[in-house]
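The task is simple: from the sequences and hints, build the whole structure.
There are 2 protein chains.
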Amino acid sequence: MALTTMKTNIHLHQTHHSLADFEGIFTSLAQLCQAPGLHLFSETFLAGYPLKDLVLQSSFIEAYTKHLEEINLWLKGLPKHNWRALSGGLEYQEHQIKNVIYELIPGEGLKKIYTKRLLPNYDIFDEQKYFTNSEENFFYEYNNQIFGLLICEDMWASSFYKIDPCQLMIEEMKAKKIEVDGIINLSASPFDLDKDEKRKSRAQSLSKLFKAPFIYLNRVGGEDEIVFDGSSFVVNNDQTIIELAAFTAESKSFTLPEKLDQYDSYESKKQILWEELFLPQLSFEKKLPLIKRWTEKDCERAFNALAFGLHEYAHKSGFKNFLVALSGGLDSALVLAIVKLALKKDQSVEAIYMPSIHSSSLSTQLCEKMCRDNDIPLKHLPIKFLHSTVKNTFTQTFEEDFGGLTDENVQARLRGMLLYTRSNQTGAMVINTSNKSELAVGYSTQYGDSVGAISLLGDLYKSEVFWLANYLNKISPGIIPEEIINRGPSAELRPNQLDQDSLPPYEKLDAILEGILSYKMSRDQLIIKGFDTSEVDRVIKLFTRSEYKRAQFCPIIKIKAKSFGFGYRVPINKCSNFYF
Amino acid sequence: MALTTMKTNIHLHQTHHSLADFEGIFTSLAQLCQAPGLHLFSETFLAGYPLKDLVLQSSFIEAYTKHLEEINLWLKGLPKHNWRALSGGLEYQEHQIKNVIYELIPGEGLKKIYTKRLLPNYDIFDEQKYFTNSEENFFYEYNNQIFGLLICEDMWASSFYKIDPCQLMIEEMKAKKIEVDGIINLSASPFDLDKDEKRKSRAQSLSKLFKAPFIYLNRVGGEDEIVFDGSSFVVNNDQTIIELAAFTAESKSFTLPEKLDQYDSYESKKQILWEELFLPQLSFEKKLPLIKRWTEKDCERAFNALAFGLHEYAHKSGFKNFLVALSGGLDSALVLAIVKLALKKDQSVEAIYMPSIHSSSLSTQLCEKMCRDNDIPLKHLPIKFLHSTVKNTFTQTFEEDFGGLTDENVQARLRGMLLYTRSNQTGAMVINTSNKSELAVGYSTQYGDSVGAISLLGDLYKSEVFWLANYLNKISPGIIPEEIINRGPSAELRPNQLDQDSLPPYEKLDAILEGILSYKMSRDQLIIKGFDTSEVDRVIKLFTRSEYKRAQFCPIIKIKAKSFGFGYRVPINKCSNFYF
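Residue numbers (this note's numbering), protein chains in the order written: chain R, 186 to 765; chain A, 186 to 765.
Read the hints as simulated data drawn from the structure, not as lab findings. Not one of these hints is a red herring.
Computed far set for chain R versus chain A, every beta-carbon distance over 10 Å:
#	residue
1	258
2	288
3	324
4	352
5	448
6	478
7	662
8	693
With a straight-line cut-off of 27 Å between C-alpha atoms, the simulated DSSO-like cross-links for lysine-lysine are:
#	chain 1	residue 1	chain 2	residue 2
9	R	734	A	501
10	R	237	A	734
11	A	726	R	505
12	A	726	R	237
13	A	529	A	554
14	R	705	A	237
15	A	726	R	501
16	A	705	R	501
17	R	251	A	726
18	A	296	A	192
19	A	501	R	705
20	R	705	A	251
Don't be surprised by glycine CBs; every beta carbon is placed ideally from N, CA and C.
Have a look at this one:
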C-alpha cells in the first residue's frame, strides 16, 4: 500500500550517559524530543548497558520503574504532537526481563512495541543470563510509513542461533504483503577495530534484502573495559546517507530517502560462530602468518578508543590526574604519550622513573628527554636503597640470600608499592603499562609492574605497540623519542636482560598468540602453519602457566573481538598444557 | 508392563579427576567397569567440568575427540558382557556442543542416549554460552528395567525456564504408559553449605512424583574457586538407601530397591529464581535480621570444603608449601589454623609476622604463642625500617610527607611485597587472609593485605569467621589462642585503630551485606527491616566504592550460593550509589 505522503524526518540521537543515569536520561529525552518526526534512541537507552547483575538488584529495579513512570507521566502531560520517539529500554514483567523498544507518544505515554529476539551470550555478553527473548511484532507504522524493527544482534545471522530474525521478517513481509520504508536497528554495540566496516557492510546487505534504507543507531560511552563508539549511520543499497561521529554524543536529522527503483541482489551468508564476523585477520600472505599490519585508520581508531576509554574510566571513578611509571622502554612511553595527547584542560599527568641497579643510564636519559620535550613532570625515585634493604633483611632473617626471579620480582614490587604510594598521596590514577603479548606469556610481576587501575595496552600486541607509537610520533612529532621505539625490549631486572633472549621474535610471538586466541588454533595447527615446534611449545607453556596473573589483572580497554578480560573465561588451573 | 526380573545392581562411581585428564579418566573407566550391572559416572565425566572456553579450543576438541574414539575402540574390543555404563560427556556435532549421557556397551561401543535440557546460565554458570540443549528421549532400558534420565539442572523446576523436564517426563510416561523403575540424575554440582539438604529434599520429592527410587550421582573435585563435594545418594520416597562421602572419590554398589506400594504425594513447588533454592537464610526471628548461626555441621562442612579447595588449588598449581602472613588478628590466625589442620604429610606451612610501628606487643605475643603451641615455624620481618625509608624518600623527592590512608597503605604494601619475596624464595603458596565482610566494604589495601594465590575466608562473613574459629578450637584445642578470638578487630595501621570505629558492629554489617548480596535488597528495604539509615548508607557507600578492589582479587573458595568471584558480575563503575 503505497500512499503519497511526505517522507518522514528522522532524528538520530547518539547519546552518552552513564549506567542508570536516570536524571540525565530523562533530561535528554525532554530536550531532544521536540521537532516533528521520528526520534531514535539506542538499545536500552532508558536504562544503560551493560548493567550486568544490577538488573537483578532491587534498588535498580525500584529506581528504574519509577523512572519509567515519570517518563510516562511526562508524556501524558504533553499536548498531542506529531513527533514520536523509539527508544530501547528494559521491561520487567512477571520475573522476566526483556530488552525492548518503547514507543513514546506525546499526550499518551509509553508503549512497548518490540522485543529483542537474539540475545548474545558469548565473549563479554551474558544476555541470556538476564533477558528473555520473544517473537512479537516486527513492524512499526508512523506517518503512513512502515519500519521493520531490530535490536542490535537481531541484524546478524549465525547458525548457532535457532532463528534468523531478518529472514523471519522477510517471510512475514511476504505473507502479509508488507513493504517496508526502512529498517531501524537500535544498538548498544561495543567498539572493536574492524567493526565499523563489518556493521556497514552487513547493513548494506540488509538494505538490499529489505529493499529499503537501513538505519543503524548506536550509543556512546565507556563501561569499565568496554567502549561504545556510536558511529551510527544510514545506508541505502550501497550508498551512505548519513554518518555520525565516533566516540562523541551527537544528534543528526535526515529525511528518510525514497526507496530505490532497483536494489542490488542480497547475498545470504551465515556465520558459524558470531566471532567470525569480527575476527581480527592474521595475514597469511607470507610464509608465516603475521598480525595484519595496522593502517593509519586503525591507529587513529585505536588511539581514539583508548583515549576515550581512559577518560570514561577516570571520570566515573573520580580521577582527574594520572600517574605513569616510566621505565625507558616503549610500553610505558607509549602509555604516557597516549595520556599526554588525550589530556583535557583540567587534567594532569605525572611520570615517575624508579631506576634499580640494573637500569641503564640510557633509560634515564630517554625518560628525561621524553618528559622534557613534552612538558611532563618527571620524578626520580630510585629503588636501589630499598632493594638492598630488603635483601639485607632477608639475609638476616632467613639466613639465606635470594637472586634470580625473586630478585627481579622484588624490584618490580617495590616499584608497584612506590607508584601506589604516590597515587595515594596525590589522588592520581595509576595507568598500567603491560601489553597483550606480555600478558599472554606472563612477562610481568604480579603486584609489581602489573598494577594499575586500567590498562591501555592490554589489548595490543607488541607489534601493534610499535605501529601505534610510530603513528603517534607522526601526528605529534617527538611525543616519543625515536631511540625508545628502536631499543630492544628489556625488563632491566638483571644485567643485560633482553626479552628476545627467552621468547620468539615479537612478530612470531604475536602471530602465535593471535592464532591461539582468536583462531582457537591447536598446537598442531600452529606447527602446520609453519611455526617452529619448540617456539610453539614454549609459548603454549608460558601462556597456560600465567593464567593466574591474568585472573588478577586490571580492566583492559577492549579494542579487539577477542581480548583478555571479562569475555575471556578459562580455568586458571588445567590438567596439562595441550589445550591451546 | 511389569516383568519379574532380578533387580539391577547399580554401581555409583563418584570420581575425582582434573579437567580433561583423559588418561586418568580412561584408566578409571577401564578399572571400574567390570562387575555386572549398571555403572554410573557423573555429568561430563568424560571431559571435565567446568571447562569454560576450553570447549571451544581446537587442542581440547582434538584431544577429546581422540579420547572418545579410544573409549569406543576399547569397548568394541571387549567381549560382550552384561555390564553397561552411563556417563556424562560432551558431543560435538555440526558446530553445536551438547552436554549428554553416553551409554557404554562392551563389545559394541559408545552411544549417546540423552541430552541435557536445562542449561544453567546464572551466577557461575555459563552453559548457554557453550551448549545447545535439545529434547530427546528420556528413557533408558537395561535389564528389563526402565530408567528416567536427567542431567543435573534438569531435576530442578524454575519458572524462568521455559520447560520443566520432570513434568515433561511425567507427561511422556502417561502418554506412553511407561512406569519407571528409577530416576538417574548425573550431576556436576558445586558445593555450598546448604545444598546437600536441598538436593536430598528435592530428590525425595521427585521420588514421590515418579514413584520410584531417585539416584543422584555427583563428581568430586576443585576447579579454581569451585568445589564439587560428591555427596551422591539414592533415596526412595523419604528413605535414604545409600550415601557417598563428601569430598572423597568413592565407588559404592547397591541393588535397585523395589518400588514401594505407596509413595507420599508430591508437592509441586516452582521457584521464581534458581537462587531461591539455595538462598542462605538470614534469620528474621529477632528484631533485626541476623546471619543464620552456623551449626557444628555447618562448621565441619565449611572446614572440609576450604581444606579440600585449598589442596585442589595447591596441587593443580604445583605447590606443596604454604605461607601465611600472621598479624595477631583473628582472620590470619584462622587461615593459619585451617592450613595447619589440613596439612598433608609432604606439605609444610610457614608463618611470617611483619610488625610495623603500630603493631602492639600483644600481637607479637599472640603470634608467637599460636605458632609455638602448634609447632608452626614463625619468622619476624619488621617493616619499621623500610617504612621509614619510604617516608624519607618521599619527603626528599616530593618535598611532601604523607600520612593517613597513604601511610596505612604503605605498610600493607610493604608486607605484600615481603610476603611474595618469601614466597618466591621458598616456592610457597601465599594464602590470602581477607574475609567476606572486609572484601564487601573494601577494608583491605590493594596489592597489600589483599594479595594471595587463593582466598580461604573470602566467602565467610566476620560472624562466620568467629564461629569457625571457635569450632576449630573445640575440635583441636589451642589451635587458635583464645585471646586472638576475643580481641576487637583492628588493622593496626594507625594508633588505636579498631574496625568498629568506622563500621557498624559486625553482626549488623554482615546482615546488611547478606541482605544486599543474596536477597538483592534495596536501601529502603534494608531500612524497613530495621537497620539504621546512616549505617545502611555507610555500608552501601563503602560497598559500591570498592568494586575495583574485588575486580582484581584472587579466587575465593566458594561455599555459598552467592559469593564474590566468577559468578558475581557487576559494573566496577556506576553512576551513583543507590543500586544496592
